[in-house]
Amino acid sequence: MSKTLFDKVWDSHVVRKIEDGPDVFFIDRHFIHEVTSPVAFVGLKSRGIGVMYPEKTFATADHNTPTWNQHLPVADPLSANQLEALANNAAEHGISHWGLGHRNNGIVHIVGPENGITLPGSTIVCGDSHTSTHGAFGAIAFGIGTSEVEMVLSTQCIMQPKPKKMRINVNGKLGFGVTPKDVALYIISKQTTSGATGYFVEYAGDVFEDMTMEGRMTVCNLSIEMGARGGMIAPDEKTFEYIKGRKHTPKDADWDKAMEYWQTLYTEEGATFDAEFTYDAADIEPMITYGTNPGMGIGVTKSIPLAEDVEGGVATYKKSLGYMKFNEGDDMIGKPVDYVFLGSCTNGRIEDFRAFCSIIEGRQKAPNITAWLVPGSHKVVDQIKEEGLDKILEAAGFVLREPGCSACLAMNDDKVPAGKLAVSTSNRNFEGRQGPGSRTLLASPLVAAATAVEGVVTDPRTILETV
Amino acid sequence: MAYDKFEVLTSTAYPLPIENVDTDQIIPARFLKATERKGFGDNFFRDWRYDSEGNPIPDFPLNDAKYAGSKILVGGKNFGSGSSREHAAWSVYDFGLRCVISSFFADIFRNNCLNIGVLPVQVSAAFAQKLFDAIEADPKTEIKVDLPNQTVTLVSTGESEPFDINGYKKGNMLNGFDDIDYLQNMKEEIAAFGETRPF
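Protein sequence lines correspond, in order, to chains A and B. Note that the first sequence covers residues 1 to 467 in UniProt numbering. Note that the second sequence covers residues 1 to 199 in UniProt numbering.
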């Protein structure tokens, strides 16, 4: 029987099938961070058990770290305590640890691929739902809870029923000013925030084939926002080119052997999916969200839908718009904005900074905008400097911060104040996500940049056209 | 972490008929800074239970005295979406709940609940509405969740619906076991499998 990419990778990692139960599923790579791992280590201690394969787990501090003055002691004692716990737990169990200030430190889903830890055909988990990012390399990667972190530490396995399979095809050429983020927000707006729940998604078609690895990471990253456990893209020459020669990538004969396997990782002709959707690239324009979940997205030139035109409960819809202080039928273009956030595991890579700079170069940050520009890792910072993007940002009135998850979830001091409106390149616009009472519009780095210079929600195409 | 066995639970319920409740609402990120599993019940639905000055919002169901002491929450469709934080499931348990009923659950939240002894019960949209209506008509409405027989029943009328759970997880819940107990017993098999992995 013909197999899908997902079947090939999943089936090769099943240690045992339990009748009327989950599969015992082997994990090749495990990432941990300071927020969702401490209780797992407490669990190990209370059971008196150790870490089975310390070399398969990688620790980095990111969720709860300051993005300013990282060389100073962390001011918040609770945050400092979590960072210390991560360092101590890693040291005690012989786990690699890239703490604050380490040159490899950064957002877990950015440093994994950067260092060649993320490989095609592997299984990757982390106590973070955006672990789906690594699917861009043809890996099965998904978020887990802390009980499962403890399972992986102690036995390198978790217990999971095999998800159903969905394929999403997007064919054609993307229009001017349309980015991978827009493709993802468009798909999620069609699927809604729960449409892919219970499924693992494979993305296929011209648009993903043409996309860079960084763009593929942005798309796979957002799979969870339509409820999918994860999303993946078959590896190709671009994938192999990206990973070759990185720190943890197989070398020499091991590389050749791995390549033989990786080249078998594609969905065979005739393989079947439980659900399949096809979209046309020409229908996608720069996107923006207007509500309190990532499925509430529209083209930036559109107006907010009327309650009678949306699926789902009217009360929930009205609650959402009430929180956002928006009205049905409002235009998004021209809405005054207070904050702009460029960063996160969704859009904190070098291409995102290049895109942002392509708009702001030779312009000035609008006076009403507070901008937080947070690279995803120290390597991204280095690249920004190497390309001189830091100078372009500085000349336009922007300041570059230090790496971390930052205002995406606002666990650190980067909190958008109550009532303020932010355009964010991150992944969630839930109530209070960027700080209690904060209001978030999700968008691409191009929309964020256009908004940052105009001070109001702006279609980046109107600026790009005048360049 | 072991938890109390779950067999049959009969209780009143907190109604929360809002759709797409995400785990950032169940427990906001700023309360995830602990390094031990305790105290999460206090911040369960923090920003819906309290205003910005920290005063309880009286008409929010979790603060409403007429539902106090319930061990069940009936939530709207797509309950628990978003972040994988297990703290959300811990806050459900620590608040004193053992069961969440909804017409649809997000995957990771459902898994996390099952791993810590909170039973997620998925019912039809029509039955969920029936539960909401009954609770609205009488806040003392009791719901019986029978795990051995996999049924959920509106006690006042006897109306009942079956629910799904796989046999393995059901066994765990009935006995208070967790997955780590199971995995610890197959470490040799795992080690042999690990030998075959290329990287």
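Calculated directly from the structure, the hints in this document are not laboratory data. There's no promise every hint is true.
[Claimed, not checked] Computed far set for chain A versus chain B, every beta-carbon distance over 10 angstroms:
no.: 1; residue: His71
no.: 2; residue: Ile224
no.: 3; residue: Ala234
no.: 4; residue: Lys365
no.: 5; residue: Pro367
no.: 6; residue: Lys379
[To be verified] Away from chain A, derived, C-beta distances all over 12 angstroms, residues of chain B:
no.: 7; residue: Thr35
no.: 8; residue: Pro56
no.: 9; residue: Asp64
no.: 10; residue: Ala68
no.: 11; residue: Ala126
no.: 12; residue: Asp133
no.: 13; residue: Pro139
no.: 14; residue: Thr151
no.: 15; residue: Ser156
[Unchecked claim] The calculated DSSO-like cross-link candidates involving lysine-lysine, where the alpha carbons are at most 30 angstroms apart (straight line), are:
no.: 16; chain 1: B; residue 1: Lys33; chain 2: A; residue 2: Lys379
no.: 17; chain 1: A; residue 1: Lys162; chain 2: B; residue 2: Lys170
no.: 18; chain 1: B; residue 1: Lys5; chain 2: A; residue 2: Lys319
no.: 19; chain 1: B; residue 1: Lys144; chain 2: B; residue 2: Lys170
no.: 20; chain 1: B; residue 1: Lys187; chain 2: A; residue 2: Lys45
no.: 21; chain 1: A; residue 1: Lys8; chain 2: B; residue 2: Lys187
no.: 22; chain 1: B; residue 1: Lys77; chain 2: A; residue 2: Lys164
no.: 23; chain 1: B; residue 1: Lys5; chain 2: A; residue 2: Lys257
no.: 24; chain 1: A; residue 1: Lys391; chain 2: A; residue 2: Lys415
no.: 25; chain 1: B; residue 1: Lys5; chain 2: A; residue 2: Lys162
no.: 26; chain 1: A; residue 1: Lys420; chain 2: B; residue 2: Lys33
no.: 27; chain 1: B; residue 1: Lys170; chain 2: A; residue 2: Lys319
no.: 28; chain 1: A; residue 1: Lys318; chain 2: B; residue 2: Lys5
no.: 29; chain 1: A; residue 1: Lys17; chain 2: B; residue 2: Lys66
no.: 30; chain 1: B; residue 1: Lys77; chain 2: A; residue 2: Lys319
no.: 31; chain 1: B; residue 1: Lys187; chain 2: B; residue 2: Lys66
Glycine included, every Cβ here is placed at the ideal spot set by N, Cα and C.
Hint by hint, here is what the structure shows:
no. : hint                  : in the structure
1   : His71                 : holds, 22 angstroms
2   : Ile224                : violated, 8 angstroms
3   : Ala234                : holds, 19 angstroms
4   : Lys365                : holds, 27 angstroms
5   : Pro367                : holds, 27 angstroms
6   : Lys379                : holds, 22 angstroms
7   : Thr35                 : violated, 4 angstroms
8   : Pro56                 : holds, 16 angstroms
9   : Asp64                 : holds, 18 angstroms
10  : Ala68                 : holds, 24 angstroms
11  : Ala126                : holds, 14 angstroms
12  : Asp133                : holds, 14 angstroms
13  : Pro139                : holds, 19 angstroms
14  : Thr151                : holds, 18 angstroms
15  : Ser156                : holds, 25 angstroms
16  : B:Lys33 <-> A:Lys379  : holds, 27 angstroms
17  : A:Lys162 <-> B:Lys170 : holds, 18 angstroms
18  : B:Lys5 <-> A:Lys319   : violated, 38 angstroms
19  : B:Lys144 <-> B:Lys170 : holds, 17 angstroms
20  : B:Lys187 <-> A:Lys45  : holds, 18 angstroms
21  : A:Lys8 <-> B:Lys187   : holds, 24 angstroms
22  : B:Lys77 <-> A:Lys164  : holds, 20 angstroms
23  : B:Lys5 <-> A:Lys257   : violated, 49 angstroms
24  : A:Lys391 <-> A:Lys415 : holds, 26 angstroms
25  : B:Lys5 <-> A:Lys162   : holds, 26 angstroms
26  : A:Lys420 <-> B:Lys33  : holds, 25 angstroms
27  : B:Lys170 <-> A:Lys319 : violated, 36 angstroms
28  : A:Lys318 <-> B:Lys5   : violated, 40 angstroms
29  : A:Lys17 <-> B:Lys66   : violated, 46 angstroms
30  : B:Lys77 <-> A:Lys319  : holds, 15 angstroms
31  : B:Lys187 <-> B:Lys66  : violated, 49 angstroms
Taken one by one, the earlier hints fail for this structure at numbers 2, 7, 18, 23, 27, 28, 29 and 31, listed in ascending order.
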